[in-house]
Structures are given as structure tokens and as C-alpha cells.
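Got chain A; can you put chain B on it based on the hints?
Protein chains: 2
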Amino acid sequence: MGDLEVRPATTEDVSAIVGLLADDPLGVQRETPDDLTPYLTALNRLAADPNQHLVVAVREGHVVGTLQLTIVPGLSRRGATRSIIEGVRVHADERGSGLGTQLIEWAIDASRREHCHLVQLTSDVTRTDARRFYQRLGFTPSHVGFKLEL
Amino acid sequence: MGDLEVRPATTEDVSAIVGLLADDPLGVQRETPDDLTPYLTALNRLAADPNQHLVVAVREGHVVGTLQLTIVPGLSRRGATRSIIEGVRVHADERGSGLGTQLIEWAIDASRREHCHLVQLTSDVTRTDARRFYQRLGFTPSHVGFKLEL
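Protein chains in written order, with the working numbering: chain A, 192 to 341; chain B, 192 to 341.
So here's chain A without its partners, still in its complex pose (with noise of 0.2 angstroms):
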């Protein structure tokens, strides 16, 4: 397989992005890959927020992944500000190929860049494989994540 890089979400790449949301077992009622305009919308406010990475992976010119990566300072722990990892998507064709750990480590190293003390993310209690996977990369399953829909 070609090279791969990790880069910036453009325009250009949010079909694609929207492809890889709803090619999911849980995305898949989710998402509507037929109407781009809300998520236009959403990657424009991303884009002029510093503390907001939205990135592709890109293999020979195809998305082929994409997590967001968001910078949250807080007081607690002497003033620590953590990272929050959401939205991790790899390619069907890439699955086992070792994306998904490239595209964390990348999460990870830009967290360090952003001088984050903390890397945090949740993972619906239905994707059994991704506790392992989780685990595997230094990840302590040691809270509950809760939501509210509004």
C-alpha cells in the first residue's frame, strides 16, 4: 500500500468524510451522505476554531479515515488541558491494515504538541472491538461516557 498521510480536512474532502460517517453500523441511521449542507457548515466552524483538528487520512489521493481531534484547557489538574478524540472512521478496505492505530498515534502526538496532558475518548459500549483496541494503545477504560439526545 501507498504512503499515507494525515492532513487537515479541506471542502473537498467532506463527501468523503460523510461517507466514511455513514458506512457504519451506527452511522449509517445517522447520517445523510445525500445532503452535504449541514456538514459544510459544520466544517467552516471547525476550520476557524485553533483548538479544533479535523483530519484525513489519505491514501493515494482517497480518504481512506478521519477522527476530530479537540483541544479542551480546564482547571482541574493544576490548570491540564486534555485532548478529546471523537469521530474515528477507517475505510472498510483499510480495516486491519493498521490505520486506525496510525490515526490515533497522530491524535496522540498532536496532543503532545499541544502540550495536552490527558487524551480522553468514548466508544459506544456495542463496539466490542474497540475496547481491546482502545487498550492496546495505553487507554484506560476507567470511566462511563453518559449522553443526553436534546
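Read the hints as simulated data drawn from the structure, not as lab findings. No experiment lies behind these values; they were computed from the predicted model shown. C-beta atoms are modelled at their ideal positions from N, C-alpha and C, and glycine is treated no differently. Treat the hints with caution; some may be incorrect.
On the chain A side, residues computed to face chain B include the following (Cβ under 8 angstroms) [said to hold, decoys possible]:
1) Pro229
2) Gly265
3) His308
4) Phe337
Same frame as chain A, now just chain B:
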């Protein structure tokens, strides 16, 4: 008890906030109430970021609670903005008074005003009371929360 006000935290509140963060089984090992410098630096960073809302609950002139609400735009769920609650603390004298509920309800209302579609938070698995508390407020413990210290 007197009326409660929830308002943005200022420099003058930092000592009281750090006192709340440290008066906690987990926080006591992590905070340094004798050295406020890193907390004041973090407050300045939060105050400059329109997506950050660090608030205090004040009753009769005293800070009795705090939380941090972060607004996170994103592409998934049709470009839905979510909010993340961190650092919820209630003064020991106020436990059982309903203040925790009022703080979370403030965060939910603020999230609606910011057009969020989802409110999320994580709670350490050792905080056994928290699970019932958040479920009573309508949250679903649907996720595993992973953390990696850098």
C-alpha cells in the same frame, strides 16, 4: 438557603474553585490549592474561548459549585454540535441540596441555547453515586470512557 446564581467564573473565584476541585477523593491527589498560578493561566485561556463556559454557582456570596461546559462542533450526526460537561463539583455543605441537579440543568439549558444536539460527560467508574444521578437526569450510560495520561 438563599438564592442561587450560576455565572461565569472570574479571577476572584479561582481560589474557591480550586478548593472545590481539591475537596474530592480523586482531586485531593491532583490539585495544588497553595499554588494558584497554573489555574489562573488556564482561566485566562478559557475566558478567551467563546466555546468554553466555566461557571460557578454562588449562594449568599459564596462559591458552592462549579462546572465546565465545552461546545464542540463536528461533522457527525449531520453536522451536529455537542457539548461536554467536565469538572462538576458541589461544596460538601451543599450535598443533597439539589445543587448538582441545578448545575447540570444549567448546562443542559446552556447547551440548548448553543443549539447543541447532544450533551455528554464521563464519570469515573469509582464514583458509584454519579451513575444514578446522571440517569435520573435523563443521561444514558451508553459509552465506555477511555483516558490516556501523557
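Results for each hint:
1. Pro229: 4 angstroms, holds
2. Gly265: Hint holds; Gly265 (chain A) Cβ to chain B Cβ min 6 angstroms, cut 8 angstroms.
3. His308: 6 angstroms, holds
4. Phe337: 4 angstroms, holds
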